[in-house]
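Since the structure of chain C is already known, use the hints to place chain P on it.
These protein sequences, in sequence, are chains C and P.
Residue 12 is where the first sequence starts when you use the numbering used here, and the numbers rise one by one after that.
Residue 175 is where the second sequence starts when you use the numbering used here, and the numbers rise one by one after that.
Hints are supplied without guarantee of correctness; some may be wrong.
[As the list claims (entries may be wrong)] Chain C stretches covered by chain P per the calculated footprint, using a threshold of three residues with CB under 8 Å from any CB of chain P:
no. : segment
1   : 28-34
2   : 90-96
3   : 119-127
4   : 152-163
5   : 220-233
Hints listed in this document are in silico derivations from the structure and should not be mistaken for laboratory results.
All residues carry an ideal CB built from backbone N, CA and C; glycine is no exception.
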Amino acid sequence: MERLPAREVRVGRIIGIVQVKGGVGRSTLATNLAAALARHGRTALIDADVPQGTSASWGKLREDDGRLGQLTVAGVADYRALVSKARELVAVNDFVIIDGPPRLAEVTRAIMVMSRLCLIPLGASAAEIWATADLVKTIKEASARRLDINARIVWNRFREHTRSARELGEAAEKQLGLTALHSKLGYRVAYSEALARGLSVAEWPDRHAQEEFTALVAEIKQQLGV
Amino acid sequence: MAKRKVKQNQDTVLGDAILAKPDFEQALAFAESLTQTESAPWVESCMLGAAEWPVAVTQFAAALMPQDVESRKVLEARARAIAKPLSQQQHELRDQYLRFRLGAVERYGIPYAYLEELLYVGNLARVPCTPAFISGVVNHRGELLTILDLKQFFRMPAVAMSDEARIIVVKHDGMRTGLLVDSVDGNEAYQDAEVSPPLSSEGVSNMEYVLGIHDGSVTLLNLKALLGDPALRVHR
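Just chain C, same shape as in the assembly (with noise of 0.2 Å):
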């Protein structure tokens, strides 16, 4: 099993999940994260969007089946409990996700902060583009308070060999000016039936599925120089 040098356990990554609007696959891709950074270092997934609490909700069917391993999940009601319990687990934690709550609030605000690398899943649809720009109306306000966020978006849903989707994403990327992971998440039921179920990817039968998600991790610990 991989572990990190003991210098870059202490200091601990938050990666937080956030999108203002709902049903873009935030918990999809929370819990596919927790699950396959799990493998290479204690983890824990804090659950910001309760009561909705999906990430939570699979934590706890994971957790019957035993399968939680060097995973802690968490679910947090408000920003001032997400806060201390970040700063709880990161200290205790390789990587730390926080799966956000689909609204602009002050927990979503805190998340952006906090995190070392804030993934924005985005389907390639004009109403999810829509609810981006509150997001990055935030990023601006926060890098005018001199805070920096680092942020990308996580092309979700996406239909490769669609024109429309090609097209829509890279205008979506330019009008938003935000950069795009290059690993993509398809359109598939894998990710559904494996959440519904406590599972990742991973570990439901979908080839294509597990091998676009191993890329997305892989870049994702690139960015965090993991």
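Below, chain P without anything else, positioned relative to chain C:
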């Protein structure tokens, strides 16, 4: 040597400020700055006391007001919400509802307070001698869960069930029920003042089960009334 390599790699990807993260104090301050927003000038101007309005404006406004009691109640609630200082509006607790579809187009919502979880439609077992709106029962963690077909209950046209179909598990008065819907879209925040009274032309024919309309097109269901319907109670 290995450590130096890792450090160099980080430098090429992330800036110094990002490397210094996490900064919890700054995160708290930035989160809290959302509630410290000053009221916009137009809000201040809207908050002039009625005594300061010219008589003609008051008369004109009165002429535009709807006359029925229900509409006036909704408008008054909205006016009270709008009249609050901006920071108070943002900080006020908003309820959430789960948005779903019945058929391809009609959008509905149920308040989060009733929501337990979402299930895939698995092995739905039909139960003989039950009304058409009872789709059947499923084994839910060792417990039999009755599934209510909302389209049948509201006498809406039947459509074939797709992969998007889900069972929304709700709980009221200690009783769990599954609601069969065609797809689940996500969740929305709302305040009572934003919910307008239902129109009789909405898809649902049983209007007593409708709380109101949110965002112009989402029919919020009154689950308390719906789950309390005598047709759903056994031994009656």
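Hint-by-hint comparison with the structure:
1. Counting residues of the segment 28-34 of chain C whose C-beta sits closer than 8 Å to any C-beta of chain P gives 3, which meets the bar of three, so the coverage hint holds.
2. Look at the segment 90-96 of chain C against chain P: 3 of its residues bring a Cβ nearer than 8 Å to a Cβ of that chain, three or more, so the hint holds.
3. Only residues whose beta carbon comes within less than 8 Å of a beta carbon in chain P count, and the segment 119-127 of chain C has 8; three or more means the coverage holds.
4. Coverage of the segment 152-163 of chain C by chain P holds. Counting CB-CB distances below 8 Å, 5 residues qualify, and the rule asks for three or more.
5. Counting residues of the segment 220-233 of chain C whose C-beta sits closer than 8 Å to any C-beta of chain P gives 1, which falls short of three, so the coverage hint is violated.
Hint 5 from the earlier list is the only one contradicted by this structure; the remaining hints agree with it.
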